[in-house]
Amino acid sequence: MTDHEHAIAILILTLKQIKGIGNKAVIRILQRNKVKIAEVEAVDVEFLETLDMLNYLDKSDMNENDWDQFLKVSHQVVNTAISNGIQIIHCYMKEYPARLMVKRSKPALLFCKGDVSLLSSEKNVAVVGTRHPDSYSFKYGVRLAERLASKGYVIVSGLAIGCDSAAHQGALNVSGKTIAVLPTPLDGEIYPKANRDLAEGILVKGGLLVSEYPPGIPLKEYDLISNLKARNEWQVGLSNGVIVVEAKSKSGTRGAMRFATESGTPLAVIDYEPHFGAGFLSEDRYSANVEYIRNNLADSIFEWNAVEVFMSKMQGYYTNLVKESRNSLDAETFEDVTQFQQIKFENM
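So the sequence shown is numbered by the numbering used here: it starts at 20 and just counts up by one.
Hint data in this document are derived by calculation from the structure and do not stem from the laboratory.
One should not assume that every hint holds.
In silico DSBU-like links for lysine-lysine, alpha-carbon gap of 35 Å or less [claimed, not checked]:
| id | residue 1 | residue 2 |
| --- | --- | --- |
| 1 | 142 | 332 |
| 2 | 267 | 170 |
| 3 | 224 | 239 |
| 4 | 342 | 55 |
| 5 | 35 | 142 |
| 6 | 122 | 239 |
| 7 | 332 | 158 |
| 8 | 224 | 342 |
| 9 | 158 | 142 |
| 10 | 239 | 342 |
| 11 | 248 | 332 |
| 12 | 332 | 43 |
| 13 | 158 | 269 |
| 14 | 212 | 158 |
| 15 | 113 | 170 |
| 16 | 248 | 158 |
| 17 | 248 | 170 |
| 18 | 113 | 248 |
| 19 | 342 | 170 |
| 20 | 113 | 224 |
| 21 | 239 | 43 |
Pairwise CB distance ranges (calculated) [stated by the list, open to error]:
| id | residue 1 | residue 2 | range |
| --- | --- | --- | --- |
| 22 | 304 | 339 | 27 to 37 Å |
| 23 | 69 | 21 | 13 to 23 Å |
| 24 | 141 | 222 | 19 to 29 Å |
We put the beta carbon where it would ideally sit given N, CA and C, even for glycine.
Kindly produce the complete structure, drawing on both the sequences and the hints.
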């Protein structure tokens with residue numbers, strides 16, 4: 020990380036400590052102050068006090084002691100990350116994935132452990148589903164991930180028990196690559212604890228753990244629920260497509276399905292009717308799969324030839340995404356051609 024990139028990381032970490040400021044507000048503040056940020060090499064109180072905070076902050080709400088404390092915490096986060104082998108990626112760095120750059124909603128910072136180049140792989144697919152699949156669905160998820168990973172796909176999932184575990188394990192079984200999006204900081208206890216060995220296996224085999232939550236700052240219990248919802252969004256955002264192994268109509272997986280639909284990301288669900296017959300249509304555990312098939316909201320896949328058709332759709336989505344990124348250069352956020360974007364797309 021260069022001095023400039025380090026300074027921006029400190030800036031973002033500092034802004035995120037202000038009450039009421041989340042990712043969208045941080046991005047808008049960066050946009051508003053892009054000229055100053057383009058030249059910053061170090062962030063101090065004097066620099067912070069010159070920033071245009073739009074309507075997010077009245078200058079009278081902050082004093083020098085507040086900024087000092089925020090800066091102290093920001094530097095502690097960076098030091099904790101370094102000491103734990105955690106890389107910090109932000110939206111001014113070429114390592115930041117193009118898939119997220121073009122999204123209206125994006126994390127300002129990502130904390131990564133493992134191979135960060137996987138974020139920008141041309142072939143990423145999210146494989147997700149319930150934490151409590153039946154035995155057939157679990158085996159199907161493993162086999163699906165194995166075959167996709169054998170075709171060069173990076174398997175993206177959330178390290179939860181159940182379908183997520185099947186997805187990660189399938190990739191590892193064939194020495195493939197997989198990304199686990201975590202709802203907790205990377206220096207803390209793996210969530211869930213039951214998948215601690217799986218997380219270690221992902222790193223040993225050249226995969227990636229990624230989180231948007233700063234190391235060294237413990238989460239409050241009530242944070243976890245909102246973090247799990249955010250995890251669903253970033254799994255979709257990091258992928259060319261989403262495949263749902265098994266899900267109920269009322270389940271957390273519906274969040275990922277909704278994000279995929281809203282963002283135009285290709286979505287497929289497993290149609291188990293060829294295996295289970297009418298039982299598939301009536302079982303509540305498959306109700307989200309059935310709903311999306313009946314309403315033509317997702318591709319229906321089961322046999323490998325249907326998966327291959329979906330793979331073509333994902334490749335088309337990625338090709339169009341790159342074109343959109345090059346054409347728009349994320350004008351809403353940065354408004355002009357930045358050095359970061361030129362470097363990023365030259366390397367893709």
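Here's how the hints hold up against the structure:
{"no.": "1", "hint": "142 x 332", "in the structure": "holds (12 Å)"}
{"no.": "2", "hint": "267 x 170", "in the structure": "holds (29 Å)"}
{"no.": "3", "hint": "224 x 239", "in the structure": "holds (31 Å)"}
{"no.": "4", "hint": "342 x 55", "in the structure": "holds (29 Å)"}
{"no.": "5", "hint": "35 x 142", "in the structure": "holds (32 Å)"}
{"no.": "6", "hint": "122 x 239", "in the structure": "holds (28 Å)"}
{"no.": "7", "hint": "332 x 158", "in the structure": "holds (25 Å)"}
{"no.": "8", "hint": "224 x 342", "in the structure": "holds (32 Å)"}
{"no.": "9", "hint": "158 x 142", "in the structure": "holds (23 Å)"}
{"no.": "10", "hint": "239 x 342", "in the structure": "violated (40 Å)"}
{"no.": "11", "hint": "248 x 332", "in the structure": "holds (26 Å)"}
{"no.": "12", "hint": "332 x 43", "in the structure": "holds (30 Å)"}
{"no.": "13", "hint": "158 x 269", "in the structure": "holds (23 Å)"}
{"no.": "14", "hint": "212 x 158", "in the structure": "holds (22 Å)"}
{"no.": "15", "hint": "113 x 170", "in the structure": "holds (26 Å)"}
{"no.": "16", "hint": "248 x 158", "in the structure": "holds (26 Å)"}
{"no.": "17", "hint": "248 x 170", "in the structure": "holds (29 Å)"}
{"no.": "18", "hint": "113 x 248", "in the structure": "holds (27 Å)"}
{"no.": "19", "hint": "342 x 170", "in the structure": "holds (24 Å)"}
{"no.": "20", "hint": "113 x 224", "in the structure": "holds (24 Å)"}
{"no.": "21", "hint": "239 x 43", "in the structure": "holds (22 Å)"}
{"no.": "22", "hint": "304 x 339: 27 to 37 Å", "in the structure": "holds (34 Å)"}
{"no.": "23", "hint": "69 x 21: 13 to 23 Å", "in the structure": "holds (22 Å)"}
{"no.": "24", "hint": "141 x 222: 19 to 29 Å", "in the structure": "holds (22 Å)"}
Of the numbered hints stated above, the single one contradicted by the structure is hint 10.
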